[in-house]
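Enquirer: With the hints as a guide, bring the two chains together.
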Amino acid sequence: MADENMTGGEGAEHQGWAAVVGEFLGAARGAGRQLASWARSSGAADLPFMEDLIRVAEGVDPEEEFFRLTRRLGVDWDGSCDELRDFARSRLTGEYAVDEFGFDPEFTERIVMPLLRVVAEKWFRIEVRGAENLPAEGAALLVSNHAGALPWDALILHAMVHRDTGRHIRLLGAGLVFETPYVHDFSRRIGATVARREDADALLEAGELVSVFPEGFKGLGKPYGERYRLQRFGRGGFVSTAVRAGAPIIPVAIVGSEEIYPLISGAPTLARMLGLPYFPVTPFFPWFGMLGAIPLPVKWIIEIGEPIVTADLPEGTADDPMAVFRTTDRVRLGIQNRLYALLEERRHPFWG
Amino acid sequence: MSRVVLVTGVSRDIAARMARSLAGIEGFEVVGIDLVPPTHDLGRARFVRADLRSPLLGRTLAELEPDTVVHAALSDDLSGAHGKELNVLGSMRLFAVCQPLPTVRHVVAISSGEVYGASASGPTRVSEVSDLPRSGRSPFGRDAAEMEAYLKGLSEHRPDICTTTLRFAAVLGAEIDSRLGRFLSLPVVPKPMGFDARMQFLHPFDAVDACRHVVTGSVAGVFNVAAADALPLTRVLRIMGRPNIDVARSWAPALIEAGGVRRAGARIGTGELREVTYGRVMDVTRLEAAGFTAHYSSARTVEEFAAFGTPGLFSAANVDRATRAIDGLGAAVSTFLRRRDG
Numbered sequence: 048m049a050d051e052n053m054t055g056g057e058g059a060e061h062q063g064w065a066a067v068v069g070e071f072l073g074a075a076r077g078a079g080r081q082l083a084s085w086a087r088s089s090g091a092a093d094l095p096f097m098e099d100l101i102r103v104a105e106g107v108d109p110e111e112e113f114f115r116l117t118r119r120l121g122v123d124w125d126g127s128c129d130e131l132r133d134f135a136r137s138r139l140t141g142e143y144a145v146d147e148f149g150f151d152p153e154f155t156e157r158i159v160m161p162l163l164r165v166v167a168e169k170w171f172r173i174e175v176r177g178a179e180n181l182p183a184e185g186a187a188l189l190v191s192n193h194a195g196a197l198p199w200d201a202l203i204l205h206a207m208v209h210r211d212t213g214r215h216i217r218l219l220g221a222g223l224v225f226e227t228p229y230v231h232d233f234s235r236r237i238g239a240t241v242a243r244r245e246d247a248d249a250l251l252e253a254g255e256l257v258s259v260f261p262e263g264f265k266g267l268g269k270p271y272g273e274r275y276r277l278q279r280f281g282r283g284g285f286v287s288t289a290v291r292a293g294a295p296i297i298p299v300a301i302v303g304s305e306e307i308y309p310l311i312s313g314a315p316t317l318a319r320m321l322g323l324p325y326f327p328v329t330p331f332f333p334w335f336g337m338l339g340a341i342p343l344p345v346k347w348i349i350e351i352g353e354p355i356v357t358a359d360l361p362e363g364t365a366d367d368p369m370a371v372f373r374t375t376d377r378v379r380l381g382i383q384n385r386l387y388a389l390l391e392e393r394r395h396p397f398w399g
Numbered sequence: 059m060s061r062v063v064l065v066t067g068v069s070r071d072i073a074a075r076m077a078r079s080l081a082g083i084e085g086f087e088v089v090g091i092d093l094v095p096p097t098h099d100l101g102r103a104r105f106v107r108a109d110l111r112s113p114l115l116g117r118t119l120a121e122l123e124p125d126t127v128v129h130a131a132l133s134d135d136l137s138g139a140h141g142k143e144l145n146v147l148g149s150m151r152l153f154a155v156c157q158p159l160p161t162v163r164h165v166v167a168i169s170s171g172e173v174y175g176a177s178a179s180g181p182t183r184v185s186e187v188s189d190l191p192r193s194g195r196s197p198f199g200r201d202a203a204e205m206e207a208y209l210k211g212l213s214e215h216r217p218d219i220c221t222t223t224l225r226f227a228a229v230l231g232a233e234i235d236s237r238l239g240r241f242l243s244l245p246v247v248p249k250p251m252g253f254d255a256r257m258q259f260l261h262p263f264d265a266v267d268a269c270r271h272v273v274t275g276s277v278a279g280v281f282n283v284a285a286a287d288a289l290p291l292t293r294v295l296r297i298m299g300r301p302n303i304d305v306a307r308s309w310a311p312a313l314i315e316a317g318g319v320r321r322a323g324a325r326i327g328t329g330e331l332r333e334v335t336y337g338r339v340m341d342v343t344r345l346e347a348a349g350f351t352a353h354y355s356s357a358r359t360v361e362e363f364a365a366f367g368t369p370g371l372f373s374a375a376n377v378d379r380a381t382r383a384i385d386g387l388g389a390a391v392s393t394f395l396r397r398r399d400g
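Chains as they are written, first to last, in our numbering: chain A, 48 to 399; chain B, 59 to 400.
There are no misleading hints in this set.
Restraint-style ranges between C-beta atoms, simulated for each label pair: (1) G367(B) - A358(A): 50 to 58 Å; (2) A388(A) - D378(B): 52 to 60 Å; (3) V246(B) - M320(A): 29 to 37 Å; (4) G213(A) - D99(B): 52 to 60 Å; (5) G213(A) - V391(B): 29 to 37 Å; (6) D189(B) - P161(A): 35 to 43 Å; (7) F372(A) - A286(B): 32 to 40 Å; (8) D304(B) - M337(A): 15 to 23 Å; (9) T212(A) - D99(B): 53 to 61 Å.
Calculated Cβ distances over 12 Å to all of chain B for the following chain A residues: (10) S89; (11) P270; (12) M320; (13) F332; (14) W334.
From the structure, some residues in chain B lie toward chain A, with a derived Cβ separation under 8 Å: (15) P181; (16) T182; (17) M251; (18) G252; (19) F253; (20) D254; (21) R256; (22) R293; (23) I297; (24) L387; (25) G388.
Simulated from the structure, these hints should not be mistaken for laboratory data.
In this text the structure is predicted, and so the values were computed from the model without any measurement.
Glycine residues also receive a C-beta, built at the ideal position from the N, C-alpha and C atoms.
One chain only, chain B, in its complex shape (with noise of 0.2 Å):
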């Protein structure tokens, strides 16, 4: 009998990306749910058509005997009350249908590093056995913390269920539609004026990997899924080829809703702008040590989301001009000492 594994979310990109990858696996029945259809290619893996705030959830989950449960349907691109109710009370439901099944044995929830918020004076490094905060994190992280603790919930009814949480950097690849590669891919990108943020990423390739990885090993715990290097905000961006202007901290939400950003799609809270001034590296021993490391470094993931994307002002031709300008004004410089001196 094959094993069933449930994939949530899979209208968007990295949760199909992932029940593509599983449903390669030999032995793997692959069913992934949402409430829209699926416009990614799901490969092998069956679709069916859920909606997990509905009370219809638990006969649905009944008939397909999910082994597995790959919670990916967190979204950080839902705002106000309507990403809560689709994150936070989803993710309720689905874990409290989880509790009763018999045939589930292993939950994995796709969380995010979000959970850490990003402030100064935090550690530069966090770890999984780090606390989190209180206040000062994004809507999505409040969420997706919120959605750690339903699981942690879960976990202390049921013991027999090995649960993993996966918390994942800041996923940026060329199909993927995220808030933060929007941000990044503005033409001119507003950054908190007199911070650079430090930046870690994970590609996707890295997040399927890293998921398949923990589902079929059966591997239980909180991790940390990210590359282990990390880049400040104005290399990301001068890789993307953008140049950015520097914006008063207290004045960046109202200076972007005002410019227009908001119609770029690249929302930004006071949540959000913490990510962006303080940014977070956090600690990924603990994968490495359950047997995952990532492939991609974050520099490489972002000249690749670079390679993708639309060249921006900083291109390579422009950069070649303005060094060419530099190499002419020394050439003056010393043409100039060299009549003075003899």
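Chain A on its own, in the form it takes in the complex (with noise of 0.2 Å):
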């Protein structure tokens, strides 16, 4: 320990100190100990990261276990800087392009893709079923059902997506999304923007893949006993905006999300002062702050369904809201269909 190095006139006074933080990292490192062999006994170490995660508890080497992480990620440090230096540069010359959407690629595919599939795969242990019903080209209409409090859900769906046909996803989002600062940043540089006929008209005519979740708030902010049962999808305003772009409609069931955080309540008074459609409060948050938002290794799966065509359907339908009804209500029960099938086949929310 360093304090037996401490000799010398000033040694008396460092040595108190010294012996309080030895005490005290010895203390943290027998507790890490202690939680590793826990962990290990009760089998957590099967879990993603977890096995780093206890032999940086164990605190053997942590230099050694941080690099090891890193290596298991599939850092590559020269590789890294050489991006970093681009990376910056580009952005400090604003020798970048956005479109009038204010979606950046550049920065969605280098930093924003990345993290996700890392969260998605090794954190998610995420499945995705029916990628090949995906247009390779052309606009199509991705409907999913939403929920778990923060929208975990579009973005996942966005970075999986992303990774099996290389196309982006164009989120449309609530209004709310686009007044809150760094929220409004963050949504368009993603692609996102706002749930409005002429901007999802728009990219459907682009022949853009536009994703739209009908639950809206609704789902999202829905308590955990009513996990996987759809609310109300919207006015259906979803389907005319796709029978006017002639796109399919492709119906995504998402297992997984609901769970990832349990929601107790939605705070409904303290949600309206805070001027919120809802305020998460899960066992975890805001008891555990930031800790408490972190989402519960759930294990997901994401079912893309097979695309129901628009372009056949008789003129007029658009704004016939009998058919535009039938519609939707044939979407919403196809989703909800597909999550009680899949729920059935994942017996454990956590180990599938």
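Expert: Following this line, the structure appears as structure tokens:
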């Protein structure tokens, strides 16, 4: 220990402090080992990254463990520095481009997608089914269930579709998203835009993959007890949009997102005071601060369904409320049935 | 007989350029009017001193017998009651005077995209059919909208007159003195925290050309005039070589007042703040269908503006230094790793 080397005049004073620090470190290390051995015996080492985290907690060689972890994550230090240099340069000189919606492909592909992929593959151990139903080109409207307090499902779906097809998803988000500082910026940069008729039409016309979560905040803010029970699908505006553009509707069922934050309450009074649609209260948030905002490592399954062709629907369907309702219900029921089927297949929320 | 074209506001650069350009056309006789004599070259155009708000304006116009009136006198640089009087009352008087004049066949009004205001939940690309908001506009946007309303009144009373409204995006050019241009040229630019506005610009060359296009072709209607592309405010600032300081939106006006930004001539009120918080992109397909496409992109316009201004902190030399530092860091990490591994 360091305090053994302390000699000389100032030694006595330093020794007092060093002893306190040493004691604290010793206690922390002891607790770490205790946690590690408990984690090993409980079998948690099989969970993603747990092995690495346990090794760090055991505290044999933290530096070695850090580089081990980065190697496992596939960090290439030389390449990363080159990339960082190029990226910093393009950001500092303004040599990058965004489209009129504020979508920044360079930022999305270099920073957001790799991070989300790690989260999806290692933390949520995601399984994507039916990726072949995604068109290689041309417009399509992805319709999905929405849950989990924070829109992780939208981000993960974007990352997975990008991984499997190389295409970006253009999200349609609620107005509140775009009125919130930083959230506005981030959303626009990754290609999201306001869920408005004009914007949806423009994106589909340009042949983009557009995703929409018709449950909106009703879905995100629903309590844990109502998980996987789809909320009302708005007024079916997404159906008329797809019909107008002649784009196919692709139903997507996401299993896993509904358990990442087990919502106890939406704290309606507090939410009203803060001007939010709900305030997420989970067993961990807000009690544990930002730690409580870490999503639980639930096993995810994304199933991309077969496209519903809208191009050959009779003319005027977009303005016929009954036809729009029929299609909306068909899409909603389809997603609901797939969710139940996938849930039966997945026996345990964490181990799958 | 030559066609008499009247251009208002020629003591300002952009109107002077329009007068000069129109005067170069065969068979056009261009008369520029303003309260103060122009400092810019008007070319073959003639200058007549006139106050748009004066009761004498009617007699001046009757003598000139204009065929076309280009109203380019609206200025975003005037603030408060004075600006409103010049912008709104000047426009009102001008159109009122035009109404009984039998010679007038075409009235072109240079308006601004600020009539649409700027908001978080508005459409990403505003088109001419979009509804104009009732609130949340900059004072200049409000003035421009009122001016447009008077022009609409004129076309209702005189359906034989062809009326054109051009809603310009922010004009940014080397010799154009504009509020936004001065804001972007500050050494450190205060940016609303957490928002990166989508900005769209119009090169002065395209502004003049669009005006020329509608005057020569007698194109009627309301048109957005802008470069087709848009870029975020931070990218504009990087091209300008300017660092930005993020300030909370609610504090921004007070900070800007206190920080002497006002003295630098970049006045920012809550309406203007919305402009640089959310930004706006205009749809230009209608003008393209009418036969005019902007030559310069927004990015090119900003690059040119930056090239003529003083270089900022993030100049090319400084950026080179920064990237070399990152390279050095990379080299250090790989040397360290190599030494560890063997």
